[in-house]
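The whole structure should be built from the sequences, with the hints applied where relevant.
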Amino acid sequence: MRPDYCDRTGSISTPDGNTKMSTSCCAFDNCSSSILPVPSGSPQPNGVTCPTCQSNSSSWCYNEQTVDCTGEETVCGLYFTNIGGNLTSIRGCTRQGTCGSQKYNVNGTAITYQATCYCGGITN
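The sequence shown begins at 1 in the numbering used here and counts up by one.
Derived by calculation from the structure, the hints in this document are not laboratory data.
Warning: the hint list may mix true and false statements.
[Said to hold, decoys possible] Label-pair restraints from in silico Cβ distances: (1) 88 x 47: 27 to 33 Å; (2) 87 x 107: 15 to 21 Å; (3) 8 x 57: 23 to 29 Å; (4) 103 x 45: 24 to 30 Å; (5) 60 x 17: 29 to 35 Å; (6) 86 x 16: 16 to 22 Å; (7) 110 x 45: 37 to 43 Å; (8) 43 x 105: 34 to 40 Å.
The beta-carbon is built from N, C-alpha and C at its ideal position, and this holds for glycine as well.
This is the structure in structure tokens:
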């Protein structure tokens with residue numbers, strides 16, 4: 001994993017719920033010294049509205065549905081993962097620090113992760 005992806009937290013929200021993540025990297029100490037908590041989140045609306053959708057077979061999705069963002073999720077995001085050939089994409093509200101891309105290999109399985117962020121509002 002690239003060092004700039006170490007010690008990061010993030011989240012994405014859709015009308016169906018939210019996903020929160022936390023990454024820590026280590027090379028020694030049995031990885032016991034740097035475990036980050038996942039973001040707590042806030043139910044307070046922040047005025048940002050994002051398009052939302054999900055696809056379990058593509059790197060892209062779009063529809064007319066929107067979600068009102070809350071707390072620190074102040075940008076819209078499109079998440080894409082390819083885990084061993086299984087594609088998933090999700091659009092919704094996210095945090096600016098979540099954006100970027102990464103390719104790595106876990107136990108022989110190729111994993112690609114990409115999060116593209118853009119300012120609030122309907123963008124396709």
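(request) Take a look at whether the Cβ-Cβ distance between residue 43 and residue 105 falls inside 34 to 40 Å. (result) Once the Cβ atoms are compared, 38 Å apart, the range 34 to 40 Å for residue 105 and residue 43 holds.
(request) Check the following: the C-beta atoms of residue 87 and residue 107 are separated by a distance inside 15 to 21 Å. (result) Holds, since residue 87 and residue 107 (Cβ atoms, about 20 Å apart) stay within the stated range.
(request) Take a look at whether the Cβ-Cβ distance between residue 110 and residue 45 falls inside 37 to 43 Å. (result) holds (39 Å)
(message) Verify the CB-CB distance for residue 60 and residue 17 against the hinted window 29 to 35 Å.
(response) violated (21 Å)
(message) Within 16 to 22 Å: is that where the Cβ-Cβ distance between residue 86 and residue 16 falls?
(response) Hint holds: Cβ distance 19 Å, inside 16 to 22 Å.
(request) Given the hint of 27 to 33 Å, check if residue 88 and residue 47 actually sit that far apart at their C-beta atoms. (result) holds (28 Å)
(message) I want to verify a distance hint. Is the separation of the beta carbons of residue 8 and residue 57 within 23 to 29 Å?
(response) holds (28 Å)
(request) Go ahead and decide if the range 24 to 30 Å is satisfied by the Cβ distance of residue 103 to residue 45. (result) violated (35 Å)
The earlier numbered hints that this structure contradicts are 4 and 5.
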